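Participant: Those protein sequences? They're chains A and B, same order as listed.
Be aware that the first sequence starts at 1, since it is given in my numbering, and climbs by one per residue.
Be aware that the second sequence starts at 1, since it is given in my numbering, and climbs by one per residue.
No lab work stands behind these hints, which were simulated from the structure alone.
Note that the structure is a prediction, hence the values are computed from the model and not measured.
Every residue gets a Cβ at the ideal spot worked out from N, C-alpha and C, and that includes glycine.
Misleading hints may appear alongside valid ones.
Unchecked claim - If you want the footprint, here are the derived chain A segments under chain B, 3+ residues with CB under 8 Å:
hint	segment
1	32-39
2	51-59
3	73-87
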Amino acid sequence: MKIFKTLLFAALIGFASIASAKTIEMDVNGLVCAFCAQGIEKTLKGFPATAGVFVSLEHRIVAVQLKDGQDIGDAALTKAITDACYKLVAIRRTDEPLDAIRQRVSNRKALPPVDASKHKHDMDDMQGMQSHG
Amino acid sequence: MQSSKRWAAIALLGLLPLTAAAKPIAFANGKTLMVEWGAGTMYEVQMFYAPKYWYSLGGGWLELDSDDGSKRRDITYVRANLLAKRWNLPDAQANVFVWGGLGRATGNDFAGTELSHDIGFQTDYETRRVYASLRADLNEAASFSHRVDTLQLGWAPYAHDYDTLATWFVVQGRRYTGDLYKGTETALLVRFFKGGAWVEFGATTDGKLQAMAMFNF
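Using the sequences and the hints, build the whole thing.
Facilitator: Here is the structure:
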């Protein structure tokens, strides 16, 4: 029973952190030109939960601002990046608005430390993330 | 004739930015339009649609002319392009594309229309500062066989981002088989792209205009 309560509590905490996230920030390999960014932007804007998309080639990040109370699952994000033919390296969920990320990137500031309580995966451990061929 | 082609190309290059953006196989559900004005020896218009990120279908028109004016081929074709392999690196990307198609060809040194086929490949590597690509395209029919090999090396004076204009300086070497051009045709080009629009132009060492535009949307 104690284990069940612990798991339930952890699940609720995890769900709360996901639900409160305003922005999904992803590290993506292979972003070297505007055409790359265009395909990813077009795909991500197709999600109903997407309020805005920002791509930085220099910092190799793709950020999706979410509509209030909405979310995009990791599997859908993974498929979107993979279908655009790029490699998703990591996903972070933050409360940082898209404009703040844009400003941070334009100021060339270092990326913020990852909050372990937020959702994060190492994509090398996930199926389908290898380059195809 | 040359004058009318030049004006047609200029008109197309002027109109295309209105239609929007793109790359070879751009992205899933993306359309790519390419127009090339090739220094008096080749002219090509291509349009492709990519249902998936790894293949696209479409067609185009290709004119090949010998530099002495004795041979001309007009080929209208349908083609499938395949992204055979992509390497996504942290600061670079490399690709291998292959393609094949069928067409109808006419020429000034054979009668009627012939069935033609086309196969080719392209391999490229790019970062935000350097670019290299090698492309080979073979067009054959009963009365001709022409292969066009193109090597491009590019350098960008600054690293662009998605919202800034990219500028590239490109050196191109091109060789033709089938008595279209003897030796290597060398060209110096400047390339600009932003968003999904790409325009490049320059001249060969013979002083002939070369230009290309590509749009993904």
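Participant: At a Cβ distance under 8 Å, does chain B reach at least three residues of the segment 73-87 of chain A?
Facilitator: Holds, because 5 residues of the segment 73-87 of chain A bring their Cβ atoms closer than 8 Å to Cβ atoms of chain B.
Participant: Examine the segment 32-39 of chain A for residues whose CB is less than 8 Å from any CB of chain B, and state whether their number is three or more.
Facilitator: holds (count 8)
Participant: Are there three or more residues in the segment 51-59 of chain A whose C-beta lies within less than 8 Å of some C-beta in chain B?
Facilitator: holds (count 4)
In the structure shown, no violation is registered for any of the earlier numbered hints.
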